[in-house]
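Visitor: Listed below are the residues making up each chain.
2 protein chains.
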Amino acid sequence: MSTIHELGLLLSCDKVICSKDKRWSRLSQKVKLSTAKNHTGNIWLSELNVGDSTFDSSIAQAVYGAGAKLDWHVHPGGQVLLITEGTGYYQEKGKPIQIVHKGDVIKCPPGVEHWHGAGPNSSFAYIAVTPTQKGKTVWLKPVTDEEYNGVK
Amino acid sequence: MSTIHELGLLLSCDKVICSKDKRWSRLSQKVKLSTAKNHTGNIWLSELNVGDSTFDSSIAQAVYGAGAKLDWHVHPGGQVLLITEGTGYYQEKGKPIQIVHKGDVIKCPPGVEHWHGAGPNSSFAYIAVTPTQKGKTVWLKPVTDEEYNGVK
Chain A
1 MSTIHELGLL LSCDKVICSK DKRWSRLSQK VKLSTAKNHT GNIWLSELNV GDSTFDSSIA
61 QAVYGAGAKL DWHVHPGGQV LLITEGTGYY QEKGKPIQIV HKGDVIKCPP GVEHWHGAGP
121 NSSFAYIAVT PTQKGKTVWL KPVTDEEYNG VK
Chain B
1 MSTIHELGLL LSCDKVICSK DKRWSRLSQK VKLSTAKNHT GNIWLSELNV GDSTFDSSIA
61 QAVYGAGAKL DWHVHPGGQV LLITEGTGYY QEKGKPIQIV HKGDVIKCPP GVEHWHGAGP
121 NSSFAYIAVT PTQKGKTVWL KPVTDEEYNG VK
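Just so you know, the protein sequences line up as chains A and B, in that order. For what it's worth, our numbering labels the leading residue of the first sequence as 1, then goes sequentially. For what it's worth, our numbering labels the leading residue of the second sequence as 1, then goes sequentially.
Same shape as in the complex, but just chain A (with noise of 0.2 Å):
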């Protein structure tokens, strides 16, 4: 069974254990197809944990269609990436572009302007750990062709 599959079974579960204080609940039914402006290319998310004074830290799961990537961006208080399928691109301003696999964790420190995405011909899968008390994350300008090819 490949992760897609492992990871639709993960995303297969809607029920709410116990409602009541809302702190049980299932991945959802269905990964949310973003319709957000800041990447190009197909990216399914799913919130796991939304980041509050309590609990610093937002937890979402992301699946890229092969090619997609997110454009230049900075995270305030930075971002753990556990790449749970796939192989992708993760690159630091200023730094050549690292090819990541399943199984790799990545730690972008706070402040550090960088983009990740897909391989042009593989999924990309990760559990992404945000800390939110620090700011929001800063979106910059989309990710260039040439700055994508320009993987060695």
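In case anyone wonders, no lab produced these hints; they're calculated from the structure. Since the model is a prediction, treat every value here as computed from it, not as a measurement. There may be inaccurate statements among the hints.
Claimed, not checked - Dumping the calculated DSS-like pairs for lysine-lysine here, alpha-carbon to alpha-carbon at most 25 Å:
#: 1; chain 1: B; residue 1: K141; chain 2: A; residue 2: K107
#: 2; chain 1: A; residue 1: K95; chain 2: A; residue 2: K152
#: 3; chain 1: B; residue 1: K107; chain 2: A; residue 2: K32
#: 4; chain 1: A; residue 1: K134; chain 2: A; residue 2: K152
#: 5; chain 1: A; residue 1: K93; chain 2: A; residue 2: K141
#: 6; chain 1: A; residue 1: K93; chain 2: A; residue 2: K152
#: 7; chain 1: A; residue 1: K134; chain 2: B; residue 2: K107
#: 8; chain 1: B; residue 1: K32; chain 2: B; residue 2: K141
#: 9; chain 1: B; residue 1: K107; chain 2: A; residue 2: K107
#: 10; chain 1: B; residue 1: K32; chain 2: A; residue 2: K134
#: 11; chain 1: B; residue 1: K32; chain 2: A; residue 2: K136
#: 12; chain 1: B; residue 1: K134; chain 2: A; residue 2: K134
#: 13; chain 1: B; residue 1: K141; chain 2: A; residue 2: K136
Position chain B against the provided structure of chain A, taking the given hints into account.
Guide: Then chain B, alone, in the frame of chain A:
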């Protein structure tokens, strides 16, 4: 392929992508069998991120053998568990045991005494996101057989 195998794949890489700045690391090649005295049964741990003053949360993967369980404990900063495999138990003090499954997200509030573990006939695995700056986990009494078998 079962998720145990998927986890095996996830844990099969140990190559460091960018060792110069130590911000990148692969998941460890082998899960580490816990020798801590805060649980019964076999629990394998893999540290994915160490919490610090820049990025508050520790992130770890835990894989339980059938019937393995942590002692009662408290997280001063709370914890979110993303169940990635199997069936387990989660109980907060004074409340009934909740049966949890792959795909569930558990948000344990700060200061709440609780325990979690595998079901008696199932493996169990999760990714734990635990804020660290409000203090270390406080370990309490072992879960008794009566408590473990009190599931309804």
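Visitor: All hints are to be evaluated individually against the structure, with a verdict given for each.
Guide: Against the structure, the hints come out as follows:
1. K141/B to K107/A: violated (35 Å)
2. K95/A to K152/A: holds (12 Å)
3. K107/B to K32/A: holds (22 Å)
4. K134/A to K152/A: Given pair K134/A, K152/A is violated - Cα atoms ~34 Å apart, limit 25 Å.
5. K93/A to K141/A: Roughly 12 Å separates the two Cα atoms, so the pair holds.
6. K93/A to K152/A: holds (16 Å)
7. K134/A to K107/B: holds (21 Å)
8. K32/B to K141/B: At roughly 24 Å apart (the allowed maximum being 25 Å), K141/B and K32/B satisfy the hint.
9. K107/B to K107/A: holds (23 Å)
10. K32/B to K134/A: Violated - the C-alpha atoms of K134/A and K32/B are around 34 Å apart, more than 25 Å.
11. K32/B to K136/A: violated (36 Å)
12. K134/B to K134/A: At roughly 17 Å apart (the allowed maximum being 25 Å), K134/A and K134/B satisfy the hint.
13. K141/B to K136/A: The hint is violated at about 40 Å.
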